[in-house]
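Protein chains in written order, with this note's numbering: chain A, 1 to 113; chain B, 114 to 226.
Treat the hints with caution; some may be incorrect.
Unchecked claim - Residues on chain A that point at chain B, a partial pick, calculated with CB under 8 angstroms:
no., residue
1, His41
2, Tyr48
3, Gly58
4, Thr98
5, Phe104
6, Gly107
Derived by calculation from the structure, the hints in this document are not laboratory data.
Think of the CB as a built atom: it goes at the ideal place given N, C-alpha and C, for glycine as much as any other residue.
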Amino acid sequence: DAGITQSPRHKVTETGTPVTLRCHQTENHRYMYWYRQDPGHGLRLIHYSYGVKDTDKGEVSDGYSVSRSKTEDFLLTLESATSSQTSVYFCAISEGTTELPLHFGNGTRLTVT
Amino acid sequence: SQQGEEDPQALSIQEGENATMNCSYKTSINNLQWYRQNSGRGLVHLILIRSNEREKHSGRLRVTLDTSKKSSSLLITASRAADTASYFCATDPITSGTYKYIFGTGTRLKVLA
Numbered sequence: 001d002a003g004i005t006q007s008p009r010h011k012v013t014e015t016g017t018p019v020t021l022r023c024h025q026t027e028n029h030r031y032m033y034w035y036r037q038d039p040g041h042g043l044r045l046i047h048y049s050y051g052v053k054d055t056d057k058g059e060v061s062d063g064y065s066v067s068r069s070k071t072e073d074f075l076l077t078l079e080s081a082t083s084s085q086t087s088v089y090f091c092a093i094s095e096g097t098t099e100l101p102l103h104f105g106n107g108t109r110l111t112v113t
Numbered sequence: 114s115q116q117g118e119e120d121p122q123a124l125s126i127q128e129g130e131n132a133t134m135n136c137s138y139k140t141s142i143n144n145l146q147w148y149r150q151n152s153g154r155g156l157v158h159l160i161l162i163r164s165n166e167r168e169k170h171s172g173r174l175r176v177t178l179d180t181s182k183k184s185s186s187l188l189i190t191a192s193r194a195a196d197t198a199s200y201f202c203a204t205d206p207i208t209s210g211t212y213k214y215i216f217g218t219g220t221r222l223k224v225l226a
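Please model the entire structure based on the sequences and the hints provided.
Right, here's the structure in full:
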């Protein structure tokens, strides 16, 4: 398995609090992605990074920010969590050519009460 | 909006039978990939088919791609209980401009022993 670690694996937080999820990789892959998975919606791209300090928005980026200060770490922050952000969040990495697969972490289950 | 839509949403078959699931997408693509997700885990890459390919095989998996209909199918032959999982297609749209993979909503496959 690709070396991808997501932390925490589970988190319960209250509405309005800030939350940061971490994705750590040991593969030295250039591209990193944050997806959320919800029933009936499959996986939706939140943000992605194509290098250190280089990030861009996905299709559901509102309410989320990201940072990548090192190749191995990609942080997803919910500035003020809302109940609609209750979801399972997946980090994925890629070497950057579209003919190579994404490798996924095992997800973070976030519940916002 | 979701690029890919899988059909059916859920499928239940007996061990030894074949399972077929379909994916339709909206815009022209560079390639299409299929992933499997076991319960509580991240997605695992199964197979990639390029836009200039029509069929591809990998073990018990057979993937077809019809770019004129913007659709793909995944066939799992001689299914096993261990094939029980959700299956997702992911496309790399030509218009995305970068390595943004768009996932479908998934097919839940249950293989009964």
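Structure-based check of each hint:
no. : hint   : verdict
1   : His41  : holds, 6 angstroms
2   : Tyr48  : holds, 7 angstroms
3   : Gly58  : holds, 7 angstroms
4   : Thr98  : holds, 4 angstroms
5   : Phe104 : holds, 3 angstroms
6   : Gly107 : holds, 6 angstroms
Checked against the numbered hints above, the structure violates none of them.
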